[in-house]
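Enquirer: So you can see what is in the structure, the chains are spelled out below.
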Amino acid sequence: MSVRAQSAIVGASETSRIGVVPDVSALEMHAESARLALADAGMKLSDVDGVAAAGLSPIAVAHYLGIAPTYVDATTVGGCSFLLHVRHAAAAIAAGLCEVVLITHGESGRSRVGMPPRVADPTSPQGQFEAPYGTLGPPTMFPIGVLRYMKEFGLTHEQLASVAVAQRKWAANVPRAMFRDPLTIEDVLASRLIAYPMHLLECCLVTDGGGALVVTSAERARSVPGPKPPVYVLGTGEAAETPLVSMMEDFTSSKAFRLSSSSAFGEAGIGPSDVDHLMVYDAFAHLPIYGLEDLGFVDRGEAGAFIAEGHTSPGGQLPMNTNGGGLSYTHTGMYGMFLVQESVRQLRREASAQVPNVNISVAQGVGGMFAAAGTLILGTAAAAGV
Amino acid sequence: MSPTGDERPHKPAPKPTPETEHYWEGTKLGELRIQRCNACAQAYFYPRPSCPHCFSSDVSWMRASGQARLHTYLISHRPAPGFADEVPYAIAVVELEEGPRMMTNIVGVENTPEALVLDMALEVDFEPRGEQSVPVFRPRSES
Numbered sequence: 002m003s004v005r006a007q008s009a010i011v012g013a014s015e016t017s018r019i020g021v022v023p024d025v026s027a028l029e030m031h032a033e034s035a036r037l038a039l040a041d042a043g044m045k046l047s048d049v050d051g052v053a054a055a056g057l058s059p060i061a062v063a064h065y066l067g068i069a070p071t072y073v074d075a076t077t078v079g080g081c082s083f084l085l086h087v088r089h090a091a092a093a094i095a096a097g098l099c100e101v102v103l104i105t106h107g108e109s110g111r112s113r114v115g116m117p118p119r120v121a122d123p124t125s126p127q128g129q130f131e132a133p134y135g136t137l138g139p140p141t142m143f144p145i146g147v148l149r150y151m152k153e154f155g156l157t158h159e160q161l162a163s164v165a166v167a168q169r170k171w172a173a174n175v176p177r178a179m180f181r182d183p184l185t186i187e188d189v190l191a192s193r194l195i196a197y198p199m200h201l202l203e204c205c206l207v208t209d210g211g212g213a214l215v216v217t218s219a220e221r222a223r224s225v226p227g228p229k230p231p232v233y234v235l236g237t238g239e240a241a242e243t244p245l246v247s248m249m250e251d252f253t254s255s256k257a258f259r260l261s262s263s264s265a266f267g268e269a270g271i272g273p274s275d276v277d278h279l280m281v282y283d284a285f286a287h288l289p290i291y292g293l294e295d296l297g298f299v300d301r302g303e304a305g306a307f308i309a310e311g312h313t314s315p316g317g318q319l320p321m322n323t324n325g326g327g328l329s330y331t332h333t334g335m336y337g338m339f340l341v342q343e344s345v346r347q348l349r350r351e352a353s354a355q356v357p358n359v360n361i362s363v364a365q366g367v368g369g370m371f372a373a374a375g376t377l378i379l380g381t382a383a384a385a386g387v
Numbered sequence: 002m003s004p005t006g007d008e009r010p011h012k013p014a015p016k017p018t019p020e021t022e023h024y025w026e027g028t029k030l031g032e033l034r035i036q037r038c039n040a041c042a043q044a045y046f047y048p049r050p051s052c053p054h055c056f057s058s059d060v061s062w063m064r065a066s067g068q069a070r071l072h073t074y075l076i077s078h079r080p081a082p083g084f085a086d087e088v089p090y091a092i093a094v095v096e097l098e099e100g101p102r103m104m105t106n107i108v109g110v111e112n113t114p115e116a117l118v119l120d121m122a123l124e125v126d127f128e129p130r131g132e133q134s135v136p137v138f139r140p141r142s143e144s
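Protein chains in written order, with the working numbering: chain A, 2 to 387; chain B, 2 to 144.
Treat the hints with care, since some could be wrong.
To be verified - Distance ranges between label pairs, derived from CB positions: (1) 121(A) with 86(B): 18 to 26 Å; (2) 125(A) with 68(B): 26 to 34 Å; (3) 70(B) with 114(A): 44 to 52 Å; (4) 86(B) with 45(A): 54 to 62 Å; (5) 115(B) with 125(A): 33 to 41 Å; (6) 58(B) with 300(A): 35 to 43 Å; (7) 67(A) with 114(B): 54 to 62 Å; (8) 143(B) with 21(A): 49 to 57 Å; (9) 57(B) with 176(A): 54 to 62 Å; (10) 58(B) with 3(A): 30 to 38 Å; (11) 139(B) with 193(A): 27 to 35 Å; (12) 116(B) with 201(A): 17 to 25 Å; (13) 70(B) with 121(A): 25 to 33 Å; (14) 159(A) with 70(B): 25 to 33 Å.
What the hints assert, rightly or not - To give a feel for the contact side, a few chain B residues facing chain A, derived at Cβ under 10 Å: (15) 25; (16) 47; (17) 48; (18) 74; (19) 77; (20) 83; (21) 88; (22) 106; (23) 117; (24) 128; (25) 135.
Stated by the list, open to error - Quick look at which bits of chain A chain B covers, simulated, 3 or more residues with Cβ under 8 Å: (26) 138-147; (27) 196-202; (28) 244-254.
The hints are simulated quantities; they were obtained by calculation from the structure and are not laboratory data. For glycine and all other residues, C-beta sits at the position ideal for the given N, C-alpha and C.
Just chain B, same shape as in the assembly (with noise of 0.2 Å):
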């Protein structure tokens, strides 16, 4: 029983840990931060104290561009807890312009395989989870 009356389950929050809290700071204002390794010049995510690429600990943070190509996707239709509304949706991975990928939905468009080609172009956009905000994507704006 909740005592505030609100009984439907909320979609799934992060929680920052140490390595990982300059990320969702970030989000918070609207940036999708992300790392480059200043030895090798790969940018990488999820954030970590040292280059997946290359090892070094060599490592700065970066604000990605927030362009991004839809690299592939699924369409669920088990809604997750606090998903309830949406489904069937997408769970789609993205590949931002600077070069890593990451997991994220899509918005602003129907979550169809008609509406959702694969490489089109997007954008990102943030939607809060819990207290924490979460990078979402969606088509491009023209301008």
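With the rest of the complex left out, here is chain A (with noise of 0.2 Å):
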């Protein structure tokens, strides 16, 4: 069964603050951007039958919202969580399970109110055989294949340091993004060193906010049209390679990236070359250039000249990332939730750095450190044939 344009997006929305939010915990977070994504789609709480979250229970997002929903998806595979919910929305909605499914994430990253604590587990896989080695959280973790995709392909320090350069140039537009003045290759290098070969400008930020998303079928949101233009699910996929980084198959790729993307490519029907705009989870500066490559944008090794000759940057053939990303935007630990809120802003027309004409945009999430995917891809009525 294909899901494809089956279901749309009809609501969005991100908190009204993100960034250092000290002031709000990670749960009226998920509360907060329900509130706003279901007045964006112009419903009430009472329309709603299903809901998803991840990091907190879509048990308790649904109590503290006050309503007992009849679908429930708490599917948590890390910062991509969210995409795979609306891939599973769309499948309970065309299989009839349920009309109108609320997704919420909210996380206090940052500030870490209201946050469940950190547990290392030293019978776990990673306590027994990563921990032991000195890991402390993603940084010392997620770019440990850097250096090999360096050798094999022979990318740079300037190119992988290219990929904050890029994405600072669309976060210049991006009133909301946290860091918005331009930055040199120079600058990233100069950075202090967190886990070399990666500079703190090619580590994500650490912040607090949310996002919400309504998710209903095509049918309902033609027969009762809310406010916004809807945006059609056309691809979806999601895969699990590792809970381990170490024990990745390659570590210049991810097999979840590739898995994903390709099941998501297939539904949709559609290629790379049909895309016009992309989102891919940036963690850190190399997972563009994985993505990239695993989504078969570029060939295998050019990932790192393409971002660094400018094509994903504004003006370029492939707009990236365009809200500035987890390096310059915003990211409260689960960033995926961020990737379709740009993904549909641009769809709909209304992003701040606005790409013309765009129809098809994908957003490639990660989850945990190469552990888990999930690829969205969304169109406009016009790219779903509506």
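Reconstruct the complex from the two isolated chains, following the hints.
Expert: What follows is the structure in structure tokens.
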């Protein structure tokens, strides 16, 4: 069964504030974005029959809002969880299990207000086979394949730094972005080393914020139109590779990216050359490089030069991470929600750094450290052929 | 407050599960034990009772040679608990002669980009972590 164009995102909103928000708990960020997304959809809470959330339980979110959903999705596979929630919602809606699904994210990643404590489990595979070697959060693990990639493909430190520079160019036009000042390759390489070869400015922000989506059937989107044009779900994919970054099959490529994106492109019946706008989860500067190659936008080993030459920057042939990304816009921890928000804004022609004539947008999310992936191919009514 | 007066945090120690106990018993004896599948003949790591390549449960333990090559690494400038004296230090992945890869630390050599060259030859050594002993790797000796 394909879910192509059978459902649509009809409501989308981030929290009113993102960045440093020490006076709002993670749960309230789920709730505030839910209220804003429902208003955006022109819907009432009573229209919602399905709830999906990650970080916090959808049960907690639903009860806090005041509904008892009859479809619940607590899929939690890291930062791409919300892309999987959209996929699952599209399938559930197509199967008749539910009609309106609310997907929420809220994370006090920076201020840590109302956040579950971080616990290390020394019996887990990671606790036994990685933690004893001095890992300390994603910066000390996620980029572990970069030197291998550099050796295999000749990626330079300057090309890696150019990812941060390209995205800062987008952020300059995005008032909500945390960092907007122009950046040079020299600035990036002069920032302090966090985990060689990664410098501070090649690592994502750590912020507070949230976002929510309302997904419903394409039929309902047409028969009960809301205030905004529906954004159709054209193709979806998900995949999981390994909970241990050290066990990646190939340190220069994400198997989860490849599996997830090929599923999504197959379902949508399109290829990379049909894509007008791309979001690739950029927890670190190497992810857009892996993403461009693993999704088939460029050949293996070409992504560093492609970005350094400006092809993903404003005015380039493949606008990528147009909100500034996790490197410049915001990164709450589970950043995937913000990928989808920006894809929706671009398709609705309401983005801060709006790209002309976007009809098909791809959002590629990652979960954990190349542990999992989710892909969404979203399109306007014209792209959906409805 | 620590009654022993030892205020410094220790490096994280692994806690074996029944399925990994044999591996951790080996490291205490200075042996790097990995598993090999009798059905498909592939060696694998980390320890588990069925082969990740073909799902067979017909698997055996073997002692790895300890010879390896440096596959990839990064150099962390953020000290994890117990690593304050070593920062910056490499967190590496090595490829064992038998095929499997594993995360490790590199000892006996400066942890700098100049000294740590990808694909350099390494051999296993062992370091204490709490009550356990973990495999680490050092540049292969000439002998």
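Enquirer: For every hint, state whether the structure bears it out.
Expert: Hint by hint, here is what the structure shows:
1. 121(A) with 86(B): 18 to 26 Å: The hinted range 18 to 26 Å holds for residue 121(A) and residue 86(B), with Cβ atoms some 21 Å apart.
2. 125(A) with 68(B): 26 to 34 Å: Taking Cβ atoms as reference, residue 125(A) and residue 68(B) lie about 28 Å apart, which means the hint holds.
3. 70(B) with 114(A): 44 to 52 Å: With a Cβ separation near 46 Å, residue 70(B) and residue 114(A) satisfy 44 to 52 Å, so the hint holds.
4. 86(B) with 45(A): 54 to 62 Å: holds, 60 Å
5. 115(B) with 125(A): 33 to 41 Å: holds, 35 Å
6. 58(B) with 300(A): 35 to 43 Å: Roughly 41 Å apart at Cβ, these two residues keep to the hinted range, so it holds.
7. 67(A) with 114(B): 54 to 62 Å: Given range 54 to 62 Å: holds, Cβ gap about 56 Å.
8. 143(B) with 21(A): 49 to 57 Å: holds, 55 Å
9. 57(B) with 176(A): 54 to 62 Å: Distance hint for residue 57(B), residue 176(A) holds at roughly 58 Å.
10. 58(B) with 3(A): 30 to 38 Å: holds, 37 Å
11. 139(B) with 193(A): 27 to 35 Å: Given a distance of about 29 Å, which is inside 27 to 35 Å, the answer is holds.
12. 116(B) with 201(A): 17 to 25 Å: holds, 24 Å
13. 70(B) with 121(A): 25 to 33 Å: At roughly 30 Å between Cβ atoms, residue 121(A) and residue 70(B) fall inside 25 to 33 Å, so the hint holds.
14. 159(A) with 70(B): 25 to 33 Å: Check passed, 28 Å falls within 25 to 33 Å.
15. 25: Holds. Min distance 8 Å.
16. 47: holds, 5 Å
17. 48: At about 9 Å, which falls below the 10 Å cut-off, the nearest Cβ of chain A leaves the hint on residue 48(B) intact, so it holds.
18. 74: holds, 6 Å
19. 77: holds, 4 Å
20. 83: Result: holds, 8 Å to nearest chain A Cβ.
21. 88: Result: holds, 9 Å to nearest chain A Cβ.
22. 106: Hint holds; residue 106(B) Cβ to chain A Cβ min 5 Å, cut 10 Å.
23. 117: holds, 9 Å
24. 128: Holds: closest Cβ of chain A sits about 9 Å from residue 128(B), inside 10 Å.
25. 135: holds, 5 Å
26. 138-147: Per the Cβ count (8), the hint holds.
27. 196-202: holds (count 4)
28. 244-254: As far as the segment 244-254 of chain A goes, the hint holds, because 4 residues have Cβ atoms under 8 Å from chain B.
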